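Visitor: Sequence:
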Amino acid sequence: MRLTRRYHFAASHRLHSQKLSEETNREVYGKCNNPFGHGHDYVLEVSVRGPVDEQTGLVVNLINLDGLVRREVLEDFDHKNINTQIPTFADSVPTTENVALEIRSRLARKWEGTFQDGLPRLERIRLFETRKNIIQVEEHHGR
Numbered sequence: 010m011r012l013t014r015r016y017h018f019a020a021s022h023r024l025h026s027q028k029l030s031e032e033t034n035r036e037v038y039g040k041c042n043n044p045f046g047h048g049h050d051y052v053l054e055v056s057v058r059g060p061v062d063e064q065t066g067l068v069v070n071l072i073n074l075d076g077l078v079r080r081e082v083l084e085d086f087d088h089k090n091i092n093t094q095i096p097t098f099a100d101s102v103p104t105t106e107n108v109a110l111e112i113r114s115r116l117a118r119k120w121e122g123t124f125q126d127g128l129p130r131l132e133r134i135r136l137f138e139t140r141k142n143i144i145q146v147e148e149h150h151g152r
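Numbering (my numbering), first residue to last: 10 to 152.
Quick caveat, the hints were computed from the structure, so don't treat them as lab data. Hints are supplied without guarantee of correctness; some may be wrong.
List time: in silico BS3-like cross-link candidates among lysine-lysine, alpha-carbon distance up to 27 angstroms [as the list claims (entries may be wrong)]:
no., residue 1, residue 2
1, K40, K141
2, K28, K40
3, K119, K89
4, K28, K89
5, K89, K40
6, K141, K89
In this text the structure is predicted, and so the values were computed from the model without any measurement.
Please build the complete structure, drawing on both the sequences and the hints.
Guide: The structure is reproduced here in structure tokens:
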């Protein structure tokens with residue numbers, strides 16, 4: 010069974026690569042290359058998959074999942090400038106793709122310590138930057 014939980018955070022960023030010229034940055038990132046940055050109201054979906062626990066009737070303990078997402082994602086990202094306040098992005102462009110990968114990495118690092126026996130499994134991260142831009146990162150467990 011799959012359960013998807015939705016979270017919200019607001020953050021700003023500037024899309025700019027130190028590996029590209031100023032002109033190329035403007036061509037690639039357009040208005041998102043604004044030197045002053047811009048903000049988004051992000052929606053994060055975390056999907057888990059596993060069996061329904063016979064004792065609780067739940068796929069996942071929501072208190073544990075919410076706590077993990079709060080500690081590893083929301084506390085660091087909410088109302089922050091991703092470029093300057095998230096160390097990972099000091100040398101990396103904070104595209105929605107890269108932000109989604111960072112969120113997945115943060116959750117995966119702490120998953121085993123939060124959920125016994127690795128169940129449920131982290132199945133998917135979806136990050137909505139805008140109504141048009143949605144990034145999905147799926148976990149592959151070889152099954």
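Visitor: If you check each hint against the structure, which ones fail?
Guide: Per hint list: zero violations.
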